[in-house]
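**Q** For reference, the chains in residue letters:
Number of protein chains: 2
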Amino acid sequence: MVLADELAKKQRSISVAEFFEKNKQMLGFDSPTRGIITTIKEAIDNSLDACEEAQVLPDILVSVRRISNDVFRVVVEDNGPGIVPEKMPSVFAKLLYGSRFHQVRQTRGQQGIGISAAVLYAQLTTGKPTIVTSRTDAKNKAHTMSLVIKTETNEPEVLSHEEVDWILPHGTRVQLEFKSNIAARKKLIEYLKYTSIVNPHAKFRVEIDDESFTFERVSSEVPPCPVAIKPHPYGIELGVLKRMTAASDLPLKEFLVESFSKVGEKTALEICSSARLDSAVKVSSLGLESLNPLLDAMQTTKIPAPSASQCLSPITDELIVKGMEKEFELDFIKARTRPGSVYGGHSFIVEAAIGYGGKLPPEGSAILLRFANRVPLLYQQGACAITNAVQNVNWKSYGVSQSGLPTGPILILVHVAATNVPFTSESKDAVAAVPEIEREITLALQELGRDLKMFLSRRDRNKLQDDRARAICSVIPLIAAKVGEIVELPVPDTSLIEGRIMRRVVLKKSSAGGKVMIHIDNYTTKSQEISLYDISGDNAGDATVPPSFVSEMDGEYTKIWKVTLSAGEAFEVTYTGSGGGMIEMQGVAENLKVVVDLDV
Amino acid sequence: MVLADELAKKQRSISVAEFFEKNKQMLGFDSPTRGIITTIKEAIDNSLDACEEAQVLPDILVSVRRISNDVFRVVVEDNGPGIVPEKMPSVFAKLLYGSRFHQVRQTRGQQGIGISAAVLYAQLTTGKPTIVTSRTDAKNKAHTMSLVIKTETNEPEVLSHEEVDWILPHGTRVQLEFKSNIAARKKLIEYLKYTSIVNPHAKFRVEIDDESFTFERVSSEVPPCPVAIKPHPYGIELGVLKRMTAASDLPLKEFLVESFSKVGEKTALEICSSARLDSAVKVSSLGLESLNPLLDAMQTTKIPAPSASQCLSPITDELIVKGMEKEFELDFIKARTRPGSVYGGHSFIVEAAIGYGGKLPPEGSAILLRFANRVPLLYQQGACAITNAVQNVNWKSYGVSQSGLPTGPILILVHVAATNVPFTSESKDAVAAVPEIEREITLALQELGRDLKMFLSRRDRNKLQDDRARAICSVIPLIAAKVGEIVELPVPDTSLIEGRIMRRVVLKKSSAGGKVMIHIDNYTTKSQEISLYDISGDNAGDATVPPSFVSEMDGEYTKIWKVTLSAGEAFEVTYTGSGGGMIEMQGVAENLKVVVDLDV
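Chains as they are written, first to last, in the working numbering: chain V, 195 to 794; chain B, 195 to 794.
Don't take every hint at face value.
No copy labels: a pair is met if it fits in one copy or bridges any two.
Computed cross-link-like contacts, DSS-like style, restricted to lysine-lysine with a CA-CA straight-line distance of at most 27 Å [unchecked claim]:
#1 K373 / K456
#2 K344 / K203
#3 K333 / K387
#4 K333 / K456
#5 K516 / K216
In short, the hints are calculated from the structure, not lab data.
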């Protein structure tokens, strides 16, 4: 057959840049609009990672400007540690080049693809190079380069390079131009809003055409930079072990201790004996017949899980709750952080939160916010293990209706923090269906579901009680009036009874015979911190409880008592005076307040 | 800042093999079970493509065998054209190497990644090389090689190479071993079933452990091998145009005619004048200031769409309908092929089909079968543009309930055939959200929706008529009896009336005075092919319509008439005899049959 020879002529290598130029959708460049978001996201990922490494509070400028009919210029500038000039070409104009790929720790960038992909997309759509400026030190000048990727070889090409003055002492600025049709304003703001929530220490200044605004930082603490750890024995695969042993000149015991996380001398010896291998044998001499039992031993010996605290940087419950509350003014919000776990040797932690009510849309599917390594995931929701896990929870058993996602005024946030997030593609839109990760998400959501159920049933119970109380209270004054009529006495004051039934804080002031009496009952189920204001001509100099504060103006005395009342507790103060004036409480919710001023 | 220098030390290249070893989920190796399916799929894609190129009827062996507790051996063997020995290492043990990446035509493999990814996965999980045997010609021996990928460099390593005798005159056999837990039997059969439907010319022999079975070919016609075409001017991006012009020594007009599909001299001149460029200018001299207007001109000048028929190979309506009917015995089935279309310069065609009823599950979401370039897509349904398009159709307007997907006994098949299918990732599970493709899918589904609606409303109307008829028929005998009673006559036979009302085929036999009469009325709306059986002591020698067949046994004559009756038509035969015996029809559905034997 001559055909095989003919076919052979067409067989050749494909450069990785050629590959991704043809398959740009895999990098998140499906459409021109999306291209803008992906570019900014990749640049910001790099900026935040670099600032974290330098322990600098990130101050990031994002600018999107239409410079001709269909060409947009995107600039992202940070105050990070900068990049040395020798590395600038490869960092920005070579796919599969970076510092974080080979490290075992949580970072936003991990593939060595992101920003170079944006450079590739820019030159593909406009033919224009990307302009990068970076400065590493106040003592040196900044370097500006104009870069393209040579597609056939995936190598950087420097079109120009000069030293320039720059106002920033250190930092990096990248400027790209590409074709698009709109500035993707809404999606960009959405992306920055969610990025701010999970990076409260970062400040973003945004310029979209002639508009500018700022996402201020709400915390001035740089999160600790995750520390790179060694791989864990449970996550190693045979091929990798084979490569590691071939490259090492250590004896087995030392190799195990040196190369792996959580393996001490004792564990190493245990592994050797379980594999029936001499602990002093040179690992480079081991063949498959020894490596197979060695790997088995490594993965069956009891070894502690990798310490997640070092290499991972979860957002924390507190910051999640703060961020979500600020955004949505929720009636209910709860966050959970699962303990650290492992898949294929990679540490990960799942954090999740559920919010209810507030400003959330009352109908339709829940809002699902997905994050991986502190980066919001904005596309491919349907492809994501997070979505899958949320849909597989039986929400009905938590009192929530469901059609795929739960429905109603519900917000679900899930954050997967991992030393290697298993994304379904280079565009980093969706987490792959790794059973260990799905399981942790499910457990977090189930815990939160139980909390939500309690909230909902308490709310329902409260609502029921409230309805009943309201019904009773509506007839009490009528009964009182009727009774008064029958016994021919003045109608009694029923506010106190109503207050008790309605579970309110009731404030009552009365005066008689030159004595003034102020009484507060806390009929609610919670402790209340109350500021009681009493403004009248009386100075209350002989008050049984002296006021915390008194001031006088034109013969009117403002007296303030700071009172803390547990549920069911009461407060009373009396003083000599003629009463009148006005009375008020602060610190009690309006709908829980009953003020009965019998002294007007 | 020293930090930038420190960070620079960690910055380095990542080999594409290293990248995919760490991100194996992107290649479809999320889990061991899936690994088996992905491997077989990649090998079969190659086999089918190669057989198509050689115009050979594919005869493919797939074998999956557990060879130890957790190690499985997968073999795929084909009768394709084979691979020359010099190319075997790179084809199987180098990622991003292949013959189809740079060609503009429909192929199953297009990335140069698939089978090498499987080799990478095998060596990663078992440390074992992949064994490839290939023969290109009966005159030469076969070559067997044992291959691994050097991960750090993405280069093939040949561990052994020998010439061997082989029973096949030409073909390729690949054998891989990897860790898994189960043989993924069900998913494998599903994959092969759907692959057979869209490749009816292929035969698959399957061996899973000790079980073996065959998917026979149902067509012995090899589909024509799609012909590679030149890129279309509408789909070129500036970066690519820049590269093409830089590498060419042609004048502009000749460059346009030579390099692009559907550009003749006249069109080329039109483009030149619209771009205000000299048609004789050497293209290698053109800078961005000329290339930008040139591209604009290329994309605004009216140029016919690329001819889909050459470079694409749709399944065709006929084969889709055949395949689906065979599998599901549907009540309704319709397929549509949209005209060829273009996205980003890549030709594509959408084919779709809808089936209803039959053996489909009556409740729950519709079954959705997705195909791309004749390959079934089995994973990541939620991430796929096909799913998205199906969900965005308003199925309620076609009389079908919907909750995301349509619900009920519905089957939807969509095939996207393209010179470059925009997959969301290297695992080729899902089509990316390209607006042009989604639009074509939507249009195909809307056309089919209208057909389905007509079927459903006709069916509903029939059902309504049936219900009404049933109601009337249930009282007719009572009325007849009552009338008989009143007029003191025997109760008349009402079956004929009922048959007419109910739209049945009514067969009636009676005899009187030594004459037998058999009468058939086709009251249905369709033509009926009926075999009428009449078994009695009469030989019907003088029948007015001679029987098609007569036989005698122990004095009983079986007479058969083959009768075709259009809707509304009747048949009658009489003969001399005494009647009795039995009578029956075949060829008419049981629920349409009324037999009235008045001659028992």
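**Q** Indicate, hint by hint, whether the structure satisfies it.
**A** Hint by hint, here is what the structure shows:
1. For the homomeric pair K373 and K456, the shortest alpha-carbon distance between copies (25 Å) is at most 27 Å, but the shortest distance inside one copy (50 Å) is not.
2. When the C-alpha separation of K344 and K203 is checked against a cutoff of 27 Å, the pair qualifies both within a copy, at 24 Å, and between copies, at 24 Å.
3. For the homomeric pair K333 and K387, neither the shortest alpha-carbon distance inside one copy (35 Å) nor that between copies (69 Å) is at most 27 Å.
4. Taking identical chains as interchangeable, the C-alpha atoms of K333 and K456 are never at most 27 Å apart, the minima being 42 Å within one chain and 59 Å between chains.
5. Taking the shortest alpha-carbon separations for K516 and K216, neither the intra-copy value of 43 Å nor the inter-copy value of 35 Å comes in at or below 27 Å.
The structure shown violates the earlier hints numbered 3, 4 and 5.
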